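Visitor: Residues per chain, in single letters:
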Amino acid sequence: MNWTVVQRILGLLLMVFSLTMLPPVAFSLYYDDHSWLPFVEGFGLTLAAGFICWLPVHRSKKDLRLRDGFLVVAAFWTVLGTFGAAPLYFSDGLSLSITDAIFESMSGLTTTGATVLTGLDELPVSILYYRQQLQWLGGMGIIVLAVAVLPMLGVGGMQLYRAETPGPVKDTKLTPRITETAKALWYVYLAFTITCMLGYRLAGMGWFDALCHAFSTVAIGGFSTHELSIGYFNSPAIDLIAVFFMFVAGINFSLHFFAWRYVSVKHYFQDPEFRAYGFVLIVVSTIVIASLYIYQVFADPGLTFINGLFQAVSIATTTGFTTVDFSVWPAAIPALLIFASFIGGSAGSTAGGIKVIRCLLVYKQGVREIVRLVHPSAEIPVKLGNKAVGSRVVDAVWGFFSVYIIVFGVMLLAMMSTGLDQVTAFSAVAASLNNLGPGLGDVSSGFHTVSDTAKWIAVAGMLLGRLEIFTLLVLITPTFWRH
Amino acid sequence: MKILILGAGQVGSSAAYHLSREEANEVTVVDRRPEVLRELQDRLDIRTVVGHAAYPDVLERAGAKDADIVVALTDMDETNMVACQVAYTGFRTPTKIARIRSAEYMNANKLFTQDAIPIDVRISPEQLVCSYVEQLILYPGSSQVLEFADGRVRLVGVKADRDGLLVGQRLATLKDHIPNTEARIAAIYRQGKAMLPDGDTVIQEGDEVFFIADRKDIRVFMSEMRRLEDPVRRVAIAGGGNIGVRLALALEQTNQVKIIERDPGRARDISEQLNKAIVLVGDAADEELLLEENIDSVDVFCALTNSEEANILSSMLSKRLGAHKVMALINRASYVDLVESGSIDIAISPQQVTIGSLLAHVRRGDVVKVHSLRRGAAEAMEAIAHGNEENSNVVGRAIEDIELPKGTAIIAIVRGDQVIIAHHDTVIEADDHVILFMTDRRKIERLETLFQVGVSFV
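Chains as they are written, first to last, in our numbering: chain A, 1 to 483; chain B, 1001 to 1458.
Simulated from the structure, these hints should not be mistaken for laboratory data. The structure displayed is predicted, hence computed values, not measured ones. C-beta: ideal position from N, C-alpha, C; glycine also. Some hints here could point you the wrong way.
Stated by the list, open to error - EDC-like cross-link-like pairs, simulated, lysine to aspartate or glutamate; straight-line CA separation at most 16 Å:
(1) A:LYS387 to B:ASP1057
(2) B:LYS1159 to B:GLU1229
(3) B:LYS1002 to A:GLU180
(4) A:LYS383 to A:ASP395
(5) B:LYS1159 to B:GLU1208
(6) B:LYS1369 to B:ASP1299
To be verified - If you anchor each label on the Cβ, the simulated ranges turn out as follows:
(7) B:ASP1042 to A:PHE401: 21 to 27 Å
(8) B:ASP1366 to A:PHE401: 57 to 63 Å
(9) B:ASN1306 to A:TYR268: 45 to 51 Å
Stated by the list, open to error - With the Cβ distance kept under 7 Å, some of the chain A side facing chain B (calculated, not the full set):
(10) LYS173
(11) PRO176
(12) ILE178
(13) LYS383
Excised from the complex, chain B in its bound form:
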């Protein structure tokens, strides 16, 4: 697939990284800063073009004529929109994806149609990160919550501790613990190594367990892995930027929210947008301020400023001052490793949250959703099985008869409104949404082929 990425910022660079390491993709990156591009080209096998991302001649030089996908990821909404317009009118690019940050554009009616601004997919990293954090707060104790089939099914990552009911027991006993509902353990990471579990696998303390369950059953299953935490009530947010304010808005009705912003002018603006949350003017790493505002009784502290170093330091400080759980927004992958073993409970990587929504459009076959996990080493994917028994490798077969690549498992199926937890004898029907877990994303190409319909269907 020929992919054109516009903008080599944080999101653009990480998209280039993830997309270019898949053999089948040819990636070209456009940016105005030659030095950024040079550095990127040293690391990745991509082509780079210097120039303004929305100018027709720049796009032409970057090969927009043959491109299958244009992904506009500059930090200017307007540039992204015009770039997609140019790609559509000038080069008839089939798929156009744009990053749209401001909610004003996002919510506008009929703006993004083929005869107005032809953008097929809109991505708002801020929105994605915000709802990601929201899920984590909704399910305390989880390290990741990923939605499939419009939120009907959720894949939850959770670290097993001593108090989990299932810890130290065979997985087959899960049915005895919770007789009437179904869930499935998708994968277990023990000391960084992936394993696909079977009935005899025993969960140990410290394992990172990914399980899938219907939305309503999640809390019950969480209690199998670790002591159930009380629902979050008090939340403190550091950083009144785009993400911080969105999160505050989403949480202020149900939780007690405090938001700390350094710039008085910005704080004033935020306070006008928010109704119940308390806006504090000050430095998130100011010990006095944190103590004054009872940081020791806060359930979750989220550091969401633009500076990842500040996020790390302020969340470490709050943890020491008694915050129950701290999360920090961290872009750099090497920092994530550093801090997650230490005192920060959850490191949120915006790139990883965002990249999944891009990957879904690059995949061959009808892929609805992709979530990138464990820094891109693993992937969870929702694909639609098309065709019939003759021309599909999937439809009409029981799961045990499907030749899945090693390290891959079908974990659930969504059929209409019904969520079916996968068993070895579950038969897949046409138009089922199949949810897969891959511990090794290098097998992705074989999986794509599996879900493609044979020629006779076309």
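For reference, chain A alone in the conformation it holds in the complex:
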């Protein structure tokens, strides 16, 4: 382990991150909501902590190794979740406990979107903005951003990038230089954010709401500036724009990059993951809409369609926006939606969950076993598109799958032992591990009803989900620390 390098980069990242507490100050002063002080305090604290961390080792010139990359990413997300909570904790208006502040900040950064706050509509503008901004930074990945703006990370940038980016195959670079790849991803992300904001504005939102919701839509986060989430606006146009951008943000960003580079949309449809992703969304939406129609939940067919579609896309992509309270919908719809969130979005997108490509590979494995039963001597590779997938990747997918289920089981039991009922505990774990946000039962409107212990379990779940479990899990294995 290369402690000096880890410490140097960690300090540097903290110092860079501290700058993100300044825009809320500007919002606070502009809207005159008298809550700029906690942000300045948070800024000072984070900057000082980063500086103290960086100063003793700033001359260290060593390269980042593979192991250091894991440590930096895991440590940075943990530390960042904590320091990001500082403004929320310092704010007199909110008077949050440490647990609540960290829960809120972690839920923002990991793009989960579960909240412990109530009465959002009365909160200071700067606090509301800050929550949305946390989601936006966490969406594409704060480390990816750091790789883009800090060129001196060099080859080490690749190690960091790999530890943070979701998906089973992480070696594909869009451009030869890792900084260029990170930049490209952030440009695409930025472009979507701006278009989404303009869309919302044209559909009738105010500029502030449009910006804030664009942040959390493109990040597949789910925070809103209103208690009723997107339902507050009560506008089909806004719902449809949200659906479109949630869908787009759940696609692998390298596909967007190629679309932009080669000005073509053809390769979207050639990509097996995209097709599976589209298929899952269409099937889930159809079932939800049909069930809503059969059970006559909405009197109007138009409302049935809009709400069904919106909720299906929002939950299946792990965004977590709501237009109506879906947890009281009849039959299997709530459970179906929660299950859909396990599949989540594509690899290399801002969405959470297990990721479509992994589910696709597991499904293809299943099909292969069936074919093998019929043709015992057949040689059947697992293929994506026209390419056979290497056995290393397939193994990794299985490993991920089983660990995901084990982690889920353990957390479910832990949640239930804090006194939650089964439905609440199940959906709370799903909501945090899949970076979804809203759950069922007691957590359908937020996590303010559950105990502190349950909140900490959820915080752990969010982090595990965002870093795809392994990045965090390697740190607690003895092999990692052995020299």
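Let chain A serve as the given structure and place chain B on it in line with the hints.
Guide: Relative to the frame of chain A, chain B by itself:
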């Protein structure tokens, strides 16, 4: 510069390493072996593409459309040639460099033209290594001999010992030692640290001195640094591969050459190619054989087999058995450090010898030749000064007025046929070939800018 490297073998990997560590380059490497590429991508900031290097769709995936240079370095000549052809016809890649190993292709007439096989630069690592070793044998005592301006000027690296006439004296006294000729000390490495000397610098025993001189004056200057060794007469070569045979062919007229090859069939082939050299069948690490063939009277023993471990061991053995000087071909940089402090006199690194010829084409400005030194930390470069006094930072100025980056020196100028050893007041003219020495290659970008002509020239 966007560079496409085809083939991730020894030469390809080291090219990727050297090229990708320059900020301005974007390197993509193509190879058929995914595991090799994965390992390479872990170490270097490059993109990798798995596939056959000459297939159009593979090249397209690797970004041949935007590439400025294609460097085909696979170990198959035919693949390299077809790859360049595809890059030219399919993607209009401006510069195409290919590794061509076999002399048959190399010597063929009119083969490499734009309407036949469009390769702009052909590199033969074997040829380069062979002539490198040849130079070392020609100038015994030198640790490196690098040519500039078609061999008219040579940069020689030599380790100073107690018997050198100049050792322990100020450099300014060099003129008194050898009044009528000129040379210049380009750089001195003392305990691994570079220093650019001036008139007051005193050469110490153990310094590695790089000096530049006209070809005919080299031996005289060598004697200033160390006791002059007798010209090499007896050479033993271990390994009858491509490099070994080329070297034997080059030396057999002037020297007594013995070449040891393990495989009897191959030995038979070699013996038919060679006229005067003696081909021995056997193991180069066989003590009996070496003693039998009077290894103790051999002036230079070169271990040039494919296996670097065998090269190291056999040259250590010959040294112990009494060979005067031993050289070993070693690819791995970490081995070079290990053995050069020990009993092996010169470690030859094929990568370092080869990379210079690639670097020359990547540089901005009109660069004719680049030699990579000291495992790529330093560089010697020959660049042409273009333009005129208005638009060039170099032309029409005395050397002392040129704003060179720190750690860089202009050491010589070749003007037409004339070799001018650089002084502080030498004025550079248009189209001069300027020879520079850089102790820190990270300054290379500033140097490139210096030699680029201002916009008005274009």
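Visitor: Starting from LYS387 (chain A), check that the Cα of ASP1057 (chain B) is at most 16 Å away, please.
Guide: 14 Å, holds
Visitor: Hint check: LYS1002 (chain B) vs GLU180 (chain A), CA-CA at most 16 Å. Holds or violated?
Guide: 13 Å, holds
Visitor: Decide if the proposed pair is consistent with the structure: LYS1159 (chain B) and GLU1229 (chain B), CA atoms, cutoff 16 Å inclusive.
Guide: 13 Å, holds
Visitor: Holds or violated: the hint that LYS383 (chain A) contacts chain B, with Cβ atoms closer than 7 Å.
Guide: 16 Å, violated
Visitor: Next pair to validate is LYS1159 (chain B) with GLU1208 (chain B); report whether the Cα-Cα distance is within 16 Å.
Guide: Status holds; Cα separation ~4 Å.
Visitor: Taking the CB of ASP1042 (chain B) and the CB of PHE401 (chain A), does the distance hold inside 21 to 27 Å?
Guide: Roughly 25 Å apart at Cβ, these two residues keep to the hinted range, so it holds.
Visitor: Within a Cα-Cα threshold of 16 Å, do LYS383 (chain A) and ASP395 (chain A) meet the stated pairing?
Guide: 14 Å, holds
Visitor: Does the closest beta carbon of chain B sit nearer than 7 Å to the beta carbon of PRO176 (chain A)?
Guide: Status holds, d = 4 Å.
Visitor: Check whether the Cα positions of LYS1369 (chain B) and ASP1299 (chain B) lie no farther apart than 16 Å.
Guide: 31 Å, violated
Visitor: Holds or violated: the 57 to 63 Å window for the beta-carbon distance between ASP1366 (chain B) and PHE401 (chain A)?
Guide: For PHE401 (chain A) against ASP1366 (chain B), whose Cβ atoms are near 58 Å apart, the range 57 to 63 Å holds.
Visitor: Could you check if ILE178 (chain A) really has its C-beta closer than 7 Å to a C-beta on chain B?
Guide: 5 Å, holds
Visitor: When the nearest CB of chain B is found for LYS173 (chain A), is that gap smaller than 7 Å?
Guide: 5 Å, holds
Checked against the numbered hints listed earlier, the structure breaks hints 6 and 13; every other hint is satisfied.
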